[in-house]
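Q: Sequence:
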Amino acid sequence: MEKYFQAYGSEGFVLFSLTHLLTIIFLLLLVVIMFLSRKFLRETKANTIFRIGLASILILSEIALHIWWWGYDFWDIRHSLPLHLSSISLLLSAGLLITKDFRIFEFTYFAGLGSAIQAMITPDISAYSFPHFRYVHFFISHGGIVLANLFFVLVEQYRPRFKSLLKAFLYLNLYAFIVFLVNLILSGNYMYISKKPVNPSIMDYLGPWPFYIIPLEIIAFITFMILYLPFGLKKFFNKRIRTRG
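For the sequence shown, the positions run 424 to 668 when the working numbering is used.
One or more hints might be untrue.
What the hints assert, rightly or not - Heads up, simulated EDC-like pairs for lysine to aspartate or glutamate below, C-alpha to C-alpha not over 16 Å straight-line:
no.	residue 1	residue 2
1	K619	D524
2	K468	D499
3	K618	D547
4	K468	E579
5	K590	E640
6	K523	E485
Since the hints were derived computationally from the structure, they do not count as laboratory data.
Given these sequences and hints, build the entire structure.
A: See below:
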């Protein structure tokens with residue numbers, strides 16, 4: 424059992440390995456199952472159990488990570504505060520599941536879902552692979568963000584507006600500015616604003632610091648647009664149908 428929680432995994436993470444691909448496929452299957460079960464999940468009891476259960480999993484996963492860090496003396500204020508976009512999205516997604524607040528959804532659907540998908544495609548867990556705790560935690564936490572936000576789209580039928588996209592982009596930049604100031608104070612690298620992550624990522628193709636930040640802004644906005652596209656197209660075609668009618 425100890426080998427699953429040891430400080431460093433016996434096998435490092437390999438991008439797009441069979442293990443990595445199977446993990447992503449498993450998450451996609453969970454999304455499909457959730458979609459097929461959407462009518463059942465709208466029933467009051469099932470709805471409450473799912474929301475509170477998933478929120479609990481998200482919160483417990485974050486607590487477990489901090490306990491693991493403390494256990495190996497890895498916890499450091501420069502990199503262990505829940506300030507990365509994935510951490511704040513996890514906590515907000517848990518809050519969304521509990522409160523069903525549309526205002527939270529407006530941010531987590533774009534910033535949380537977009538960042539979680541990108542993180543799972545290029546995970547920053549170089550020293551760990553399945554079934555190590557860090558690997559399992561990483562995909563439970565990020566996969567949980569995806570499931571939480573798609574639950575509100577597929578089951579609760581929440582629909583982001585274009586105004587939601589603009590608000591999410593504004594809030595993301597305000598948050599990034601605050602995190603940048605925190606990084607200066609703590610000599611940290613939250614949200615990878617101060618330097619690139621160790622693992623291969625899209626930032627490797629965007630130039631040195633600080634020049635990669637501008638392309639990241641563009642990529643974030645394009646990602647938000649892609650996430651809004653299905654709803655924007657549906658709204659557009661529904662409007663055309665009403666006009667013709």
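Q: Please go over all the hints and tell whether each is borne out by the structure.
A: Status of each hint after checking the structure:
Between K619 and D524 the CA atoms are separated by roughly 34 Å; this puts the pair beyond 16 Å, and the hint is violated. Of the supplied pair hints, the one linking K468 and D499 is violated, its CA atoms being roughly 41 Å apart against a limit of 16 Å. The straight-line distance between the Cα atoms of K618 and D547 is roughly 14 Å, inside the 16 Å bound, and the hint therefore holds. At most 16 Å may separate the alpha-carbon atoms for a hinted pair to count; K468 and E579 meet this at roughly 14 Å.
Simply put, K590 and E640 have alpha-carbon atoms about 14 Å apart, close enough for the 16 Å limit, and the pair holds. Using a Cα cut-off of 16 Å, the hinted pair K523 and E485 is violated, with the two alpha carbons roughly 21 Å apart.
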